[in-house]
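Protein chains: 4
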Amino acid sequence: MSQKFSEALRDEIAPLWMRMLNTRIYRALMSDDPVGKELLAIYLVESYHYAKHNAQHQALAVWRAELTNRDFMREALRHAIEEVDHDQLALRDLEKMGYLRAAVERSVPLPETQGFTGFLYHWVTRENPVGRLGYSLWAEGTQEIGPGIVSRLKEKFGIKDNKEISFFAAHAVLDMRHGQEARDNIDRFAVTPDDRQAVRTVATTTLKLFIHVLEAMYDHYEDVKQGAPLIRSPLPA
Amino acid sequence: MSQKFSEALRDEIAPLWMRMLNTRIYRALMSDDPVGKELLAIYLVESYHYAKHNAQHQALAVWRAELTNRDFMREALRHAIEEVDHDQLALRDLEKMGYLRAAVERSVPLPETQGFTGFLYHWVTRENPVGRLGYSLWAEGTQEIGPGIVSRLKEKFGIKDNKEISFFAAHAVLDMRHGQEARDNIDRFAVTPDDRQAVRTVATTTLKLFIHVLEAMYDHYEDVKQGAPLIRSPLPA
Amino acid sequence: MSQKFSEALRDEIAPLWMRMLNTRIYRALMSDDPVGKELLAIYLVESYHYAKHNAQHQALAVWRAELTNRDFMREALRHAIEEVDHDQLALRDLEKMGYLRAAVERSVPLPETQGFTGFLYHWVTRENPVGRLGYSLWAEGTQEIGPGIVSRLKEKFGIKDNKEISFFAAHAVLDMRHGQEARDNIDRFAVTPDDRQAVRTVATTTLKLFIHVLEAMYDHYEDVKQGAPLIRSPLPA
Amino acid sequence: MSQKFSEALRDEIAPLWMRMLNTRIYRALMSDDPVGKELLAIYLVESYHYAKHNAQHQALAVWRAELTNRDFMREALRHAIEEVDHDQLALRDLEKMGYLRAAVERSVPLPETQGFTGFLYHWVTRENPVGRLGYSLWAEGTQEIGPGIVSRLKEKFGIKDNKEISFFAAHAVLDMRHGQEARDNIDRFAVTPDDRQAVRTVATTTLKLFIHVLEAMYDHYEDVKQGAPLIRSPLPA
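Listed in order, the protein sequences are those of chains A, B, C and D. Everything in the first sequence is counted per our numbering, starting at 30 for the first residue and increasing by one. Everything in the second sequence is counted per our numbering, starting at 30 for the first residue and increasing by one. Everything in the third sequence is counted per our numbering, starting at 30 for the first residue and increasing by one. Everything in the fourth sequence is counted per our numbering, starting at 30 for the first residue and increasing by one.
To be clear, the hints were calculated from the coordinates, so they are not data collected in a lab. Treat the hints with care, as some may be off.
Any copy will do: because identical chains look the same in the list, a pair fits if it lies in one copy or spans two.
[Claimed, not checked] Listed below are the simulated SDA-like cross-link pairs for lysine to any residue, each with C-alpha atoms no more than 25 Å apart in a straight line:
id, residue 1, residue 2
1, Lys254, Ile240
2, Lys185, Ala43
3, Lys192, Ile260
4, Lys185, Val113
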């Protein structure tokens, strides 16, 4: 069969990808129905919390003692450098919406966000770091929909400038390139059955866990509408 | 206020605990409605997959470089030794139900199970290991319901001997002791605001993530009823 | 050939063991020549610094993701618990000699002591944790000489009570048992060629590195006699 | 006082640096006295063994959970990428001298080399990763002597082309830039007392441990002259 592994895997996760687009939060943000800007803020707060780890667990893909593939190593580190500071875009957008940077930084992520992050650290440091490419497969493969999301959000919330929605805008641009890169890297570095199973596990697991993150965001939005604080603070010292 | 922190926290997570008991799988297993024994098998397969890590991430609670509390260290290691091999009970029960040990061992856990495990490794090795006590707070605090679950499952599935349901039976016994131990350890070792916040985060996060595991088990049960294989195999090599 | 691997390895490291006994510090402590009690203090300070890690890197022998040998795991954790607080004996002996506990705790170990400790952490977390048994092979195999050392030190420095020399006295007792245990564990757990090579590498490497620690202690003693402070402080804040 | 911390530290380690240049191996390689080319081979074998880890433990400087300095992170990763494959130069030079690449790759490093490597992994993953700059301070600060070493080695061993001595030649070039970079990074990133103490500890410790590596190389050279195999093989399987 001539289909590449990366393409077969993209097909395999397509149903989960559709389920992701069908979560309450994406439907609310994309539809014509009115929705509170708090939902966008919640999305950005949690995005800050998981994105701040992306560079770090990407860099830790070199943890494995027996690492011998130098091209993989270089690629992981190069990609890690690119990921540094993406979380800052979310912080900046939130600041423009009136949320204090320091409050967001010390807020407690939703449990689902913590599970998502924990899984990625666990996988690269204790399982097979090559698998992390499965996360990039879907997370950076949004070029088809990224630009549409940006337009929609601007229109919906009366946002004039891409700079006020920089987290989404930057990804829409970057992911034009990253999506193909991710697939190329999968076909280049995931060659053993063990590596391929690792990529597959990470692709399906992170996508499924991210759907839980998205649903938890919406649950939190409903709590916020009932009066719960949007920024989840730690216990008072 | 004289309420102990461990008790205040137990109260705080009570609503999540009730939601756990109200998941489709617990209702199906506890109610009078007929249900396929596959549901019990699925529960045990995933339990094997998360329980096999319990001793290891408990032992890794000594990872932190600046560890100076020797009593905490001893307690973590002592508890870790107790947890070794609990997963084997699940494997043995599954064997008695006709599932091959080797097939279960090499099966792929549900994504939610992997997120649950990943979070715990992540927390003890990269965040605050004292927080892991928050997992014990609810996971080993089932003394009120453990014995009832064992009776119910035996009755429901026509199981004669506790040895065929050893995973549940052993926990029902152990947890009589562990529940109080967990609360005592929390009040003994979680004394700084940072430690307490860590325990709280782990308690709510692991309980929430475990609810997702339970719901995913039931989703998988429904897939199995539609013909999906109960044991999820890795990609063929 | 019927010789056990543990015994063949003990024979292989015998020349290094003899070199250890022939270091300037052991000769100075064991001979009839007068020597300053500072030398004993330096020995105890560095012993504190390496011994405080023994329980921790023993516990971290369970780090390896693919750990499946539960007996090895239990044994590592059981041994780790036994090692907790051995460093406190060195601190206590130093206190009786007039060195403040807090000053010793925050002192900077000799470079060689740091290399010794670093190698052990590195090996158990990144290489093959079974190899750590090679450290126990010689470090806890001193039953032949332990009691003699205690008598000699008491006589030489006019120490009346074993309680004032508890670090040495405790090891002399414990090691009667631990030496045989270490050899038994090597023959029980180091069965693959990779495991045996790991045990051999750790045995020879740690013994060689410890000889450097011993020589560095004596170098430091000579500096102290020239006026250098015995307790090496960190930079002032 | 207006002296920069990096300069004060360079002055502090100057005596150790002089001791390094005064080791038997450097004296033998730099003097007019004849010496076997085996000594150069031994130097390159051990250099391969420690250099192959340089990129990895540099990358792992991002391990620390609480990492918030993004500039430090980017700089560590950028430097790590530069270090990838430097070990290959040593392998290539050895190949030109007739030593099989595969044999060198699977050879057992000298104990001192393992201690040196272990300390660096230990420090970045368990202590303070900023400290690793102290290693760069002296290891990449050889611009004053690098070119002289290359000329001397070519002359001494009748080497015509820099390509046959690429490990040294590449460092001589790179270190023209890296030495100043290391000092700049120290003054930029080591600003707290804890960070500065970490840099100081790593600078003095790695330099001292490297002197032991150099002396062990010469000891091994003497063994080789007595008939010991230059390439230290693992136990036969």
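Here is what the structure says about each hint:
For a Cα distance limit of 25 Å, the shortest separation of Lys254 from Ile240 qualifies both inside one copy, at 21 Å, and across copies, at 24 Å. With identical chains, the CA atoms of Lys185 and Ala43 are never at most 25 Å apart, being 27 Å at best within one copy and 39 Å at best between copies. In this assembly of identical chains, Lys192 and Ile260 lie within 25 Å of each other by CA distance solely inside one copy; the values are 23 Å within and 49 Å between copies. Taking CA atoms no more than 25 Å apart as the test, Lys185 paired with Val113 passes in neither setting, with 29 Å inside one copy and 48 Å between copies.
The structure fails to meet hints 2 and 4 from the earlier list, while all remaining hints are met.
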